[in-house]
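Here the protein sequences line up with chains Y and C, keeping their order. Residue numbering for the first sequence follows the numbering used here, beginning at 1 and increasing consecutively. Residue numbering for the second sequence follows the numbering used here, beginning at 1 and increasing consecutively.
Please note: incorrect hints may appear among the correct ones.
As the list claims (entries may be wrong) - Derived BS3-like pairs (lysine-lysine); straight-line CA-CA distance at most 30 Å: (1) Lys245/C - Lys19/C; (2) Lys32/C - Lys180/C; (3) Lys32/C - Lys19/C; (4) Lys19/C - Lys266/C; (5) Lys277/Y - Lys266/Y; (6) Lys32/Y - Lys180/C; (7) Lys245/Y - Lys277/Y; (8) Lys19/Y - Lys32/C; (9) Lys19/Y - Lys19/C.
What the hints assert, rightly or not - Taking beta-carbon pairs under 8 Å as the criterion, some of the chain C residues facing chain Y (in silico): (10) Ala14; (11) Pro16; (12) Glu40; (13) Pro98.
What the hints assert, rightly or not - Simulated restraints on C-beta separations: (14) Arg275/C - Lys277/Y: 41 to 49 Å; (15) Gln280/Y - Gly52/C: 24 to 32 Å; (16) Arg275/C - Arg261/Y: 48 to 56 Å.
Source of the hints: derived by calculation from the structure; they are not laboratory data. Keep in mind the model is a prediction, meaning the values are calculated, not measured. For glycine and all other residues, C-beta sits at the position ideal for the given N, C-alpha and C.
Protein chains: 2
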Amino acid sequence: MEEFSVHILGCGSANPMQKHRPASQVLSTRGKLFMVDCGEGTQTRLARQGLGIGRLGHIFLSHEHGDHCFGLPGLVNTMGLLGRTAQLHIHAPQSLEPFVSFVTSHLCHEAGYEIVFHSLDPREYTLIYEDRRLEAWSLPLRHGVPCCGYLFREKLGARHIRREMIDAFGIPVCHINGIKEGADWTLPDGTVIPNKRLTTDPTPPRSWAYVSDTSFEPRLSEWLEGVDLLFHEATFSAQDELRAKQTCHSTSTQAATIAKRAGVRKLCIGHYSSRLKDEQELLREAQEVFPNTVLADEGLRLSIGED
Amino acid sequence: MEEFSVHILGCGSANPMQKHRPASQVLSTRGKLFMVDCGEGTQTRLARQGLGIGRLGHIFLSHEHGDHCFGLPGLVNTMGLLGRTAQLHIHAPQSLEPFVSFVTSHLCHEAGYEIVFHSLDPREYTLIYEDRRLEAWSLPLRHGVPCCGYLFREKLGARHIRREMIDAFGIPVCHINGIKEGADWTLPDGTVIPNKRLTTDPTPPRSWAYVSDTSFEPRLSEWLEGVDLLFHEATFSAQDELRAKQTCHSTSTQAATIAKRAGVRKLCIGHYSSRLKDEQELLREAQEVFPNTVLADEGLRLSIGED
Numbered sequence: 001m002e003e004f005s006v007h008i009l010g011c012g013s014a015n016p017m018q019k020h021r022p023a024s025q026v027l028s029t030r031g032k033l034f035m036v037d038c039g040e041g042t043q044t045r046l047a048r049q050g051l052g053i054g055r056l057g058h059i060f061l062s063h064e065h066g067d068h069c070f071g072l073p074g075l076v077n078t079m080g081l082l083g084r085t086a087q088l089h090i091h092a093p094q095s096l097e098p099f100v101s102f103v104t105s106h107l108c109h110e111a112g113y114e115i116v117f118h119s120l121d122p123r124e125y126t127l128i129y130e131d132r133r134l135e136a137w138s139l140p141l142r143h144g145v146p147c148c149g150y151l152f153r154e155k156l157g158a159r160h161i162r163r164e165m166i167d168a169f170g171i172p173v174c175h176i177n178g179i180k181e182g183a184d185w186t187l188p189d190g191t192v193i194p195n196k197r198l199t200t201d202p203t204p205p206r207s208w209a210y211v212s213d214t215s216f217e218p219r220l221s222e223w224l225e226g227v228d229l230l231f232h233e234a235t236f237s238a239q240d241e242l243r244a245k246q247t248c249h250s251t252s253t254q255a256a257t258i259a260k261r262a263g264v265r266k267l268c269i270g271h272y273s274s275r276l277k278d279e280q281e282l283l284r285e286a287q288e289v290f291p292n293t294v295l296a297d298e299g300l301r302l303s304i305g306e307d
Numbered sequence: 001m002e003e004f005s006v007h008i009l010g011c012g013s014a015n016p017m018q019k020h021r022p023a024s025q026v027l028s029t030r031g032k033l034f035m036v037d038c039g040e041g042t043q044t045r046l047a048r049q050g051l052g053i054g055r056l057g058h059i060f061l062s063h064e065h066g067d068h069c070f071g072l073p074g075l076v077n078t079m080g081l082l083g084r085t086a087q088l089h090i091h092a093p094q095s096l097e098p099f100v101s102f103v104t105s106h107l108c109h110e111a112g113y114e115i116v117f118h119s120l121d122p123r124e125y126t127l128i129y130e131d132r133r134l135e136a137w138s139l140p141l142r143h144g145v146p147c148c149g150y151l152f153r154e155k156l157g158a159r160h161i162r163r164e165m166i167d168a169f170g171i172p173v174c175h176i177n178g179i180k181e182g183a184d185w186t187l188p189d190g191t192v193i194p195n196k197r198l199t200t201d202p203t204p205p206r207s208w209a210y211v212s213d214t215s216f217e218p219r220l221s222e223w224l225e226g227v228d229l230l231f232h233e234a235t236f237s238a239q240d241e242l243r244a245k246q247t248c249h250s251t252s253t254q255a256a257t258i259a260k261r262a263g264v265r266k267l268c269i270g271h272y273s274s275r276l277k278d279e280q281e282l283l284r285e286a287q288e289v290f291p292n293t294v295l296a297d298e299g300l301r302l303s304i305g306e307d
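Okay, chain Y solo, but in the shape it has when bound (with noise of 0.2 Å):
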């Protein structure tokens, strides 16, 4: 099966601290990455992890925090230095078109590419992004800027030819591709084989959302339906929820909350708050409500459809 992992490359919050590094994770699939923010200090992260800049082609950014998008320039004046010739493209929210303009034109002017910026409105849930395998979507969060976070999902790909089948009607590969479509077989004698003994069912589409910055937001849950992994900022512990309602940010049980109403496979949840003392209180307050809770870390890579 093709790879679709998640590579946590920082997940601390705004107030720095030796632990944690600021905002990113990174989509390898297909030998491709897609990047979800971009703090300070992440393209080291990435190379830390064995992820080549080369492979990246699309940042996602959520908002303008600078936790969340500091470490643009580097990376964008980095990928210039390497000699980058492909169309890096940004997707993020209007507000982020100044800065990111201003790193374009003015950081890394001498960059010898084009950057890309595609603006969109976070307020909306809505398709921004497709290509052959993947789509992404943007999920309006609430933060008190504006402010989004991302679901990618793949394509439903086709279906999976039984070889046997094939070979014992003797089905021209000129047809191979129509039957994978979905097509029946019709036999000289004019017997129609249904397309169901033809093929299996498609692998099933893989999917990561990726939430923060935000404060509870009900609305998650219908979007976020039946994902496989989703990433929910977790600032505060339950105690402090009057704290991350002030903060525009969530608790541990809030995430657990928005992951078990959407039914989602596996909740990762992060973005810590450089006032926790203890991250495992985070994780007990979140498998209270929903099990499979696992606290993101940097270097953490979750794969999904290999487990």
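Put chain C on the given structure of chain Y with help from the hints.
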């Protein structure tokens, strides 16, 4: 003796590498920190070396290349998050003004403290900062873009009182400052006691120079005469002299030549090329010309006056 120590926070060069971080060094003296250059991730390494961000009031930037200044947004932002109210002074060539201005007005506009930008002419060797005990000079460098190094020098302090002589001659406290400044003392019978019998010489002023990035600049040896500690970039080994010239950098031998001609006490080399396989090679080359050379490394602290 008061502290006068230099901390290496980053000593890599433009192409990021696993081993070294981008440029930043800090002078710690009399409770204050003076930072030169601020590559990406500087704030994290400042904290890691136990250098309190609140003690930092002045940042000196050498030039506009990202590996020397892309840590500024994060550092400035964090100061705001930590509730800073004191002014932050940034000294740099005029070419850095748009960057600093963008950081101040767009990226960190909610910071509750003032950032004061001090533009300087990087073509001049001139005094750019002074307080009661310290002065800083700009050092014109050759690097393709406007670029300067910095020389920090303690001011000559007062002469030291010889307590036993003061007691012996019964000199009142109200005259001590005058004696420290060099005044003689006249006894009731008219006998003049020369200041040299009452005091000893002041502590020799200590000095640190930061030279990065530059191709070989012979004029430095004049400006840097007798400094205690010289950091001079040595991006390449001597065998890459042509490449050093082409990229406006120096070799280890060139750095050591400056140190030797200037008669400095100690040389520290760094700003290592990512192509470099063995830093010891740079060290051997430099020591052939100037034996008292050390290799920069993240976490290294060079204290002047304690050895």
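Outcome of the hint check:
1. Using a Cα cut-off of 30 Å, the hinted pair Lys245/C and Lys19/C holds, with the two alpha carbons roughly 25 Å apart.
2. This hinted pair checks out: Lys32/C and Lys180/C have alpha carbons roughly 25 Å apart, not beyond 30 Å.
3. Taken as a hint, the Lys32/C and Lys19/C pair is honoured in the structure, with Cα atoms around 29 Å apart against an allowance of 30 Å.
4. The straight-line distance between the Cα atoms of Lys19/C and Lys266/C is roughly 24 Å, inside the 30 Å bound, and the hint therefore holds.
5. Our distance criterion of 30 Å between C-alpha atoms is met by Lys277/Y and Lys266/Y, whose separation comes to about 24 Å.
6. With a C-alpha separation of about 71 Å, the suggested pairing of Lys32/Y with Lys180/C is violated against the 30 Å cut-off.
7. For the given pair, Lys245/Y sits about 20 Å from Lys277/Y by alpha-carbon distance, which is consistent with the 30 Å threshold.
8. The hinted pair formed by Lys19/Y and Lys32/C meets the criterion: a straight-line CA distance of about 26 Å does not exceed 30 Å.
9. The straight-line distance between the Cα atoms of Lys19/Y and Lys19/C is roughly 19 Å, inside the 30 Å bound, and the hint therefore holds.
10. Hint status for Ala14/C relative to chain Y: holds, with the closest Cβ pair at about 6 Å, below 8 Å.
11. At a threshold of 8 Å, the smallest CB-CB gap from Pro16/C to chain Y is about 6 Å, leaving the interface hint in force.
12. A distance limit of 8 Å between C-beta atoms decides the matter here; for Glu40/C the minimum to chain Y is near 4 Å, and the interface restraint holds.
13. Against a cut-off of 8 Å between C-beta atoms, the interface hint on Pro98/C holds, since the closest Cβ of chain Y lies about 6 Å away.
14. For the hinted restraint 41 to 49 Å between Arg275/C and Lys277/Y, the CB-CB distance of approximately 44 Å keeps it satisfied.
15. In this structure the supplied range 24 to 32 Å holds for Gln280/Y paired with Gly52/C, their Cβ-Cβ distance being about 29 Å.
16. Checked against the hint of 48 to 56 Å, the C-beta distance between Arg275/C and Arg261/Y comes to roughly 53 Å, which is consistent with it.
Hint 6 from the list above is the single one not met by this structure.
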